[in-house]
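Since the structure of chain A is already known, use the hints to place chain B on it.
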Amino acid sequence: MARLSPANVGIAEEIISRYPRPKSALIPLLHLAQEQDGYIADDAMEHLAELVGITPAEVLGTCSFYEMFKREPVGQYLVNVCTNISCLLVGGEELLHHLEQRLGIHAGSTTPDGVFTLEDVECIAACTEAPCLQVNYRYHHQVTPEAADALLDDLRAGRRATEIPKHGVLARVRQQIPAEQRAGNAVPGQSEEPVWLRTAAAGNGDGGQGS
Amino acid sequence: MISDAPKVVSSRWDREDAHTLQGYLDSGGYQGLRTALQRTPQQVHDEVKAASLLGRGGAGFPAGTKWGFCPPGVWPRYVVVNGDESEPGTYKDRILMERDPHQLIEGVLIACYAIGAAQAFLYVRGEMALAQERIAQALNDAYAAGYLGRDILGSGFSVDIVLHWGAGAYIVGEETALIESLEGNRGMPRLKPPFFPAAKGLYLQPTVVNNVETLANLPWILTNGGAAFAEMGAESSRGTRLFAVSGHVQRPGVYEVEFGTTTFRDLIEAPVYGGGLRPGRTLKAFIPGGASAPWFYEEHLDLPLEAGAVGAAGSMLGSGAVVVMDDSTDAVKACWRVVRFFARESCGKCTPCREGTTWLEQILRRIIDGHGRPEDIGLLLDVSDNISPGINWPPRQTTICPLGPSAVSPIASAIVRFKDEFEAYCGGSAELPVEIKGKAYIPKPSATSEVAGV
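Protein sequence lines correspond, in order, to chains A and B. Residue numbering for the first sequence is 1 to 211, as defined by this note's numbering. Residue numbering for the second sequence is 1001 to 1454, as defined by this note's numbering.
No wet-lab data here; the hints were simulated from the structure. We put the CB at the ideal spot given by N, CA and C, even for glycine. Just to be clear, a hint being listed does not mean it is correct.
Distance windows between CB atoms, simulated [claimed, not checked]: (1) A:A150 <-> B:P1443: 45 to 53 Å; (2) A:R71 <-> B:A1227: 36 to 44 Å; (3) A:H97 <-> B:P1443: 29 to 37 Å; (4) B:G1348 <-> A:P145: 44 to 52 Å; (5) B:A1430 <-> A:G114: 46 to 54 Å; (6) A:R71 <-> B:G1308: 43 to 51 Å; (7) A:A202 <-> B:A1227: 24 to 32 Å; (8) B:G1028 <-> A:H97: 44 to 52 Å; (9) B:S1446 <-> A:P145: 40 to 48 Å; (10) A:G114 <-> B:D1420: 45 to 53 Å; (11) B:E1231 <-> A:R198: 46 to 54 Å; (12) A:V195 <-> B:R1034: 15 to 23 Å.
Beyond 10 Å from chain A on every Cβ pair, some chain B residues (computed) [what the hints assert, rightly or not]: (13) S1011; (14) F1061; (15) D1376.
Just chain B, same shape as in the assembly:
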């Protein structure tokens, strides 16, 4: 369904001056903050819970619930903004930071007010120079206008937002690695449990880490009400959501769609969204939620953009990144490129990930260089099974964070679906050592059923 739901986070993208304070104020800016300050922090928290806002970073955890995990009576609390967008295929937080930085700042302020955070850190990916400039300017203007700092708008609410940059490390998008990085350390994830950041995060204090898009929803929710937000979307996925559609479509772009009612087919084919494949091409596969997600195929096109349905089908919506591959794609090469990403970005802390992703990348490189051996297909699965035993979805984890198991998804997807392409590279295949269980890992419909379908 292509709905006419209002734009929640992308409403100002057409305004040239949306990144300026004046442009923001002229288009209803800081009204959500004013509304929040007239209520108690608990009422603001309840409004966000009523909206059923799910985190937009990838895991999809309800934001209001996450806020509630801060242990009572432990001070200070911090809010940390995760603006380290780097999941391949994902492009939304950068636009939100570059084009509408005040909306994010207002969202951070609302979160700090509700949670009782006395200081916030806005962690922007290092490679995003324009976003850093736009946010720095927006913060400076917000301080000058009294929206930020001490005694905001005369309400008694005081908080500083400190702009912080990363320096190039995908893993820092994982919230505990981000906290390590913010403490000035190597960006290596912390083991959790026992402690999640809401209980012991930055400086081992209660810390709420929220994604940029999640926080950017808050001004609208406070202005229009959590109930109005919850009226949009499907039962388990309320509101709207940004999706980046890239790869082999005619209109690649970032689109805000009603969450849970729009389907992948709408997003890929509708003239207002992806605009369909290039003329004469057919769909080979698509990645529904960033490079870590198992691939989807033709038979998944009518699934709604809804976390539960996508999860039940064996993959994930992840970070809202839909990458479309048409029939001109070399599946083995696409698989190699995604795996190379994980090999390069492994932080090195856990052996299965550090060693496993490196070996997977080298074996795949050997295959696409033309030196593949029949036993290499089984070898890829054997290594994958050591990183994530059973090759299932959701994946089992032998590592502290999900990065290592993420490299297994493209391998299982490509080998199960496009085994013939691997065999063509490798000169046949030997016995496969493990049974692959993930529900999205489905072979191509057989030749006879294809004929039957014609």
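Isolated chain A (complex conformation):
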């Protein structure tokens, strides 16, 4: 496991084609690698370096900066409990401690069966729904300890599998730009003033539908 599969290479090439410069695709491609393997292996980074035309060290440089990229395998379900200020005020820390007890692990580690990784995270933009957590980046709002227990039971029994995909899968809908409808990349050094500005300047600015 580790280099991208042929199907994922196809997706990667499509993603790269959307950017004026290939390196811009690096973060989306790292997500793709993580979607494939659940984490980002060294071989995957070497493969991405080939695809983007940079060195593996540059890929590592970017990868290692971002919290979401895991360079070691994590649990099937990554449980991220927010303890930042809005959640702290209404029980986020207690929720985290409850889950530590319940799972028998400290935040930052994985259960021995490899099902859950627990993390103590920063604000996830659900402050009015505190305390909140995410499982594989799917939100759960106003979480009581009882609700958290029920959620863990469901996850372990596979009852949430359709709603919450395995770790690494973010959006299950990919952007598709049909070739015939693409406006095309705006590449530095190869672009002129856009046509709609030129026509407007020439006094033909009454375009709109039906023109």
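Below, chain B without anything else, positioned relative to chain A:
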């Protein structure tokens, strides 16, 4: 004042199908774009200027003015959407992206048309899987329906919007760090000046970086006119604005209110907004504009939600995040938690921030763990003074971006106002090494005046 101003950006939140193209079209969607395309780009730009729309990301810079900073004759230009919402307490852009993605797309299109941007990048925070799905679907549907891509609605206007995800880094919400991230690099801010993104941004080309909420206002402005938008709100803060009220209120929520006329008291206490504190509790402090903002207290409740008034009082409206703390709050612990955030999120590029926030967090952790020493209070201020000399507001900066100085605000707020709580933890306090100047950093009214007030 609780106004009956129309909902500008949250009008579809009650519709179950608002995230679908059909639901959007059924509720007036893409009318703003059609209006824009019947005008010249300059006319569209003028309409946005007439609205006096201020950026909703935190800095509050006028959007129309920002667009005007692109140097003439330099192509291509880009529009970059900042959907990396992560300031603690802030929750509005995620709702806008999840519940009404077409409104954002329409706003981006209007901006691209006015500015002459031939490509746009919509940067969504990595942790927001549902927002990514909703936007991906909305973009795919918009392409299929001819609202996006080549020759939009037969107008000759062509632009691609590329959906891009982050991967977990608060600092990427800073616009130059976001650009670095979009170029595939570590998300570290660029030094500015000399170059702001409007002049040299993505690939060193002219780039307008706008917040999600800012752009979501544009369809309404084009449909209803900039003048109608400017009729709402106060002179320096036009229109409406989303505020997230969280913490110790009975009705935490995200509310769209008239900008500049509504007060903090309305937002926190009105039954239609925060609904007041829990029974039997009193207000200890509130954060008026995200974790970076100096704290406010009882005496600030009647200030309007208006950038100028809040700034003059020594804090900022920031990202529209109001976090309410009642008298059950441990001020030292709340301070520690906010500082820990900045310590964890420092990108490491500038020494005062990287080292300073880390030390501040460790000293505060020692204090709340029960090992505080009397000299620790002064030590916190000494370190703060090294990150942001003079401890003032707006803060002086020894760093490339404002993240480091942001960690100083909660410390100065908590130490000045709740010095007794620090002393209880630390067993007294030694001499404080610096004078704290920020106007919001005000001590508790003295015991005698409290008695007088009873």
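Hints, verified against the model:
1. A:A150 <-> B:P1443: 45 to 53 Å: With Cβ atoms ~47 Å apart, the hint holds.
2. A:R71 <-> B:A1227: 36 to 44 Å: 54 Å, violated
3. A:H97 <-> B:P1443: 29 to 37 Å: 34 Å, holds
4. B:G1348 <-> A:P145: 44 to 52 Å: 36 Å, violated
5. B:A1430 <-> A:G114: 46 to 54 Å: 51 Å, holds
6. A:R71 <-> B:G1308: 43 to 51 Å: 47 Å, holds
7. A:A202 <-> B:A1227: 24 to 32 Å: Holds - the Cβ-Cβ distance for A:A202 and B:A1227, about 28 Å, lies within 24 to 32 Å.
8. B:G1028 <-> A:H97: 44 to 52 Å: 48 Å, holds
9. B:S1446 <-> A:P145: 40 to 48 Å: Since B:S1446 and A:P145 have Cβ atoms about 42 Å apart, the given range 40 to 48 Å holds.
10. A:G114 <-> B:D1420: 45 to 53 Å: 49 Å, holds
11. B:E1231 <-> A:R198: 46 to 54 Å: 35 Å, violated
12. A:V195 <-> B:R1034: 15 to 23 Å: Taking Cβ atoms as reference, A:V195 and B:R1034 lie about 19 Å apart, which means the hint holds.
13. S1011: 19 Å, holds
14. F1061: 22 Å, holds
15. D1376: 21 Å, holds
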